[in-house]
Amino acid sequence: MINWRALLHVLSFIVIIVSLFMTAPIVVGAIYREWDSVISFSLTAVSSLTFFGFVFHKTRSSGRFSFTTRDGFLLVSLSWIIVSAVGSVPFVITGDIPSYTEAYFETMSGFTTTGASILTAIEELPYAMLFWRSLTHWLGGMGIVVLVVAVMPLIGIGGMPLIQAESPGPKVDKIVPKVRETAKILWGIYIGLSALETVLLLFGGMNLFDALTHTFGTMATGGFSPKGVSVGFYPSPYIQIVITIFMVLAGVNFGLYFTLLRGDLKTLRKNTELRVYLVIFFGSTLLVMVNLLTSGFYEGAGKSLLLASFQTASILTTTGYATADFDLWPSFSKAVLFVLMFIGGSSGSTGGGIKVVRIVTFFKLASNEMKYLLNPRGVHTMRMNGEAIRKDMVYTVTGFIFLYTGLLLLITLAVAASGIDLLSSFSTALVTLGNIGPGFGKVGPTQNYHFMAPWIHWLLSLSMMIGRLEVYTVLIILTPRFWKK
Amino acid sequence: MTIVILGAGRVGFNLARQLISEHKEVVVIEKDADRARDLSRQLDCMTVNESGNSIEGLKKAGVENADFFISVSESDEINMISCALVSSSFKKPITIARVRNLDYSRTWDQSPGFLGINYIINPEIEVAHAIARAVEFGAISSVVEFETSNLQMRNFQIRKESMFSGQRVEELRKIIQVPFIIAAIAREEKMIIPEGTTILNQGDQIWVLAESKDFKILLKNIHESEKILKDIVIVGGGNIGMYVSQYLLANRLSKNWLFKNFGHKSFMKSKRNIHIVESDYQRCKELAELLPDAQITNADISEEHVLEEGRFQSYDLLIAVTGNQELNIVTAAYAGKAGIPHSIALVKKYSTAAMALNLGVNVAISINETLVNSIQKIIRRNFVRSVYNFSDSNLEMMELSLENRTELPGKKIRDIRLPGKPLIIMITRKGSHIIPSGDLILEKDDFLMIIARKESIQELE
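Line order of the protein sequences matches chains A and B.
Under our numbering, think of the first position of the first sequence as 1, with each following residue one higher.
Under our numbering, think of the first position of the second sequence as 1, with each following residue one higher.
Treat each hint with caution, since some may be false.
Derived lysine-lysine pairs resembling DSBU-like cross-links, with alpha carbons at most 35 Å apart [unchecked claim]:
no.	chain 1	residue 1	chain 2	residue 2
1	B	K348	A	K485
2	B	K92	A	K266
3	A	K364	A	K270
4	A	K171	B	K60
5	B	K59	A	K485
6	B	K213	A	K391
7	B	K412	A	K178
8	B	K377	B	K412
9	B	K377	B	K349
10	B	K190	A	K391
11	B	K412	A	K174
12	A	K178	B	K349
13	B	K60	A	K174
Hints are computed from structural coordinates only; laboratory data are not their basis.
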């Protein structure tokens, strides 16, 4: 049975936390004297706090809550739907995004750290709205539910299924014995890295507003920028390099930073995913750079390297920032980026996509099969981080990649049905499911999603959520078996 | 406090669950991947999928910074070797090994510092000792003693004819002349912390705290009596049955006595008659050799008429300690019908123990509970805080110092409001122990022994 009382209690707590974060755009609005926005956010926050505060109060009980894996799937999916519903209200009240459909798309794109936007003229938005847009990235990046597990003392053992349902990657490893401590450490590292990036960006001459919003977009691998031309607005190589480095850092499993802090370099060196991730990043950067140079697209190796590394990091980690319109690049470079869109960040990072660990597992599976073909009686094992991979892990990964590809094709079909060309349709599916943001064709880095039909917006909102919650969490509650007693 | 447990078997699992509920950080090392995964799904602890007999694997679990290393895997040898590894490589952890083999336990007992193991827990001896102690106190209840005091806590089931049934707690305390306190009530699988106005029902299981000498009077009122049990039949001649016989024949209650004296012939005539019923003939021969003072019968208790044929009706007590817990319960429950007034059954889980009591078994000793409590006693000896667990329930007995609580001294107990409504059952004042009444005024240096719900413990602290 689903424990509705406990579920509603924690759900309302999650919405309350997010509503409290609306104080940030209120402060920003007050500083820039945008009273419309201040009123809009205050109105939303107060009514949401009243309503969900009431639900929270009504559903409290004396004991601790414990959630099964099943409750976890439902709670996490519901909370993402509701949080986006609440978070999109301020846009509609001020009329900055008049259509609720588009506001919902924008907010879901924020929380899922996709970075796909329906805005045609970003700079016309009030600062408060731009700040909120970026803040949704930052909250969704490390995970709202993970944050709640860290701060809500009532969730005991039940925290694990919740984190499991929200976190990127096939399996979650605790880094310390208690779930709550684990969640606290992960958020602590996240906040620490964010603070560091903000300071470094301030040194580069950004103002505090831009530094914060860009940090939110980078650390969460989101991609919303308060500038219409994204990070390309800043010609300073320093700023671009800082953002490149932090995008790459955000695509690494955050648990590894804890290993690093503990001084355990051996485990770090043995980590297969980290190694492969870095090889992919540097290899792709090199390929793109050489291609840009030989085709004479940019003058000088320095500029080519700068732009190649930025775009590679942005696409690989599924951030979606741009310093160049890569849709105009020579087709080999475009192809490299296209391939990267399938990979994504590491498990346990803030990045989206299929995740490096799954790609590695799949590769090992294929090479294992070849070993068996050559030597049918041989006994071979697949290894990851120096240890044998468990069979059920391979099954989970296989199932995931099948579902992911299946969904990609389905969404492509649906988008194409609305009359959009094949390349744009496919890349739309790819960049929403992978939480990347900009794609090719009509959804390229200088374009936006405004031209699409409302039902496509709703479909893509769902696609972004399915991608962020790693397919299984959302799909499982759509199966009849889930609701059977 | 961080505790590393090696082995996620039944004991490891229960121990981990108990410790986690006390807010301790627990890391479990388990070599079976499926079991490790199951455990991490059910409990809020870290699991490490390692065999645990290598320094590398132990390091992965963070043993070097742990306060305790408890090895409770299936194998004695792995338990001992891993404790030896831990204590030879790391200074901090206190090591506890579960060791079944009596020869190993004796070696450890005789040569201090053996393999660097700080404590050895022998499950069979722990259980045998608990049974022997229950017999000593009349086989009507299990007994908890408090070190350094003459207070005891025992639990009883309230029978129909008892004057406790249908009475209010405060009335009872007025009627009965000796000081006592009812610490907890188990009613239909639920644990209740009693208040003055709580009414006791027939069938309730109650935990009573009083001075050991006063229990005679209390027992008379509860309608039980503490008889000396002379003629005892033990069903099951396994190690536990054998150890129980040894304790009872020698009439010794020190746990470690057995390590030194096992197998030695005693020259004193025992005051008890012990009769062991064992189904395996070969084992019977061995027992006859090891326990010359006991009578051994080769029979299968599950066959009909064994109890009747053996003329066991005149016996005072039956102890069922075969390896089959269902058989133990049935045999012990049947003993009453066959005319044996008292019975003790050995069970595995605590929940089965409650079931056995409902079937009319006088005392049910649970292996897991005994073992987990023994290990916890060791942990507490080093870090005193919690004293006794009502096992599967959500109640816990713990000590609370008044040193930093300026709001409490000078107040009467009945005026104190603490979170979660805990019950103060004992006050330690200048070395003596007091069973409090509502009018007692607290003093600055008092230690309170309280019973509270587990979830309110953090708030209390």
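Holds or violated: A/K171 to B/K60, with C-alpha atoms at most 35 Å apart: OK: A/K171 and B/K60 at ~18 Å, within 35 Å.
For the pair supplied as a hint, B/K412 and A/K178, is the alpha-carbon distance within the 35 Å limit? Measuring from Cα to Cα gives roughly 39 Å; hence the hint is violated.
When you check the alpha-carbon spacing of B/K412 and A/K174, does it fall within 35 Å? violated, 47 Å
Can the restraint linking B/K377 and B/K349 be considered satisfied, given a maximum Cα separation of 35 Å? Holds: B/K377 and B/K349 sit about 19 Å apart, inside 35 Å.
Below or equal to 35 Å on CA atoms is what counts here, so check B/K92 against A/K266. Satisfied, since the Cα-Cα distance of roughly 23 Å is no more than 35 Å.
Hinted pair, alpha-carbon criterion (35 Å max): A/K178, B/K349. Please report holds or violated. Holds - the C-alpha atoms of B/K349 and A/K178 are around 26 Å apart, at most 35 Å.
Mind checking the alpha carbons of B/K377 and B/K412 for me, to see if they're no more than 35 Å apart? holds, 32 Å
Against the 35 Å threshold, does the CA-CA distance of B/K213 and A/K391 hold or violate the hint? violated, 63 Å
CA of B/K190 to CA of A/K391, is that 35 Å or under? Since the Cα atoms of B/K190 and A/K391 sit roughly 43 Å apart, the hinted pair is violated (cutoff 35 Å).
Is A/K364 within 35 Å of A/K270, Cα to Cα? holds, 16 Å
Tell me if the straight-line CA distance from B/K60 to A/K174 falls inside 35 Å. Between B/K60 and A/K174 the Cα gap is close to 13 Å, so the pair holds against 35 Å.
35 Å Cα cutoff - pair B/K348, A/K485: holds, 32 Å
Violated hints, listed in ascending order, are 5, 6, 7, 10, 11; each of the other numbered hints is respected by the structure.
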